[in-house]
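K.L.:
Start from the sequences, fold in the hints, and give me the full structure.
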Amino acid sequence: MKRLLFLFLFLSFGILPGFAPPSILSNSTYIHPVNEVVYITKSGTKYHRGSCHHLKKSKIKTNKSDAKTAGYTACSVCKP
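FYI, in mature numbering (1 follows the signal peptide of the UniProt record, and there is no 0) the residues of the sequence shown are -20 to -1, 1 to 60.
Hints were generated in silico from the structure; no laboratory data involved. Some hints here could point you the wrong way.
[What the hints assert, rightly or not] Label-pair restraints from in silico Cβ distances:
{"hint": "1", "residue 1": "Asn15", "residue 2": "Thr53", "range": "10 to 20 Å"}
{"hint": "2", "residue 1": "Val17", "residue 2": "Ser56", "range": "18 to 28 Å"}
{"hint": "3", "residue 1": "Lys36", "residue 2": "Asn15", "range": "24 to 34 Å"}
{"hint": "4", "residue 1": "Asn15", "residue 2": "Ser56", "range": "19 to 29 Å"}
A quick note: this is a predicted structure, and the numbers were derived from the prediction, not measured. Yeah, the Cβ is synthetic: ideal placement off N, Cα and C, and Gly gets one too.
P.N.:
This is the structure:
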């Protein structure tokens, strides 16, 4: 009888041990990158990830928001 009452209380409040509603998880686990680091080149118009093969000759570190503001667009190969 106590087990049924315990189960009823947990189900009525929507709380189960080890369970969190998806709305709580989605808000607390998603992190917005504030200053995501990307790289530009001296002569190009694209910004890249650090591992992109297009960064052979020059590799200038910047952040994504500054690159977008300066008119750079994302590389279609590395997709930063």
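K.L.:
Determine for every hint whether it applies to the structure shown.
P.N.:
Right, here's what the structure says about each hint:
In this structure, Asn15 and Thr53 meet the distance hint of 10 to 20 Å, their C-beta atoms being roughly 19 Å apart. At about 19 Å, the beta-carbon gap between Val17 and Ser56 stays in the expected band of 18 to 28 Å. Between Lys36 and Asn15 the CB atoms are about 25 Å apart, so this pair conforms to the stated range of 24 to 34 Å. For Asn15 and Ser56, the Cβ-Cβ distance of about 23 Å falls inside the hinted range of 19 to 29 Å, so the restraint holds.
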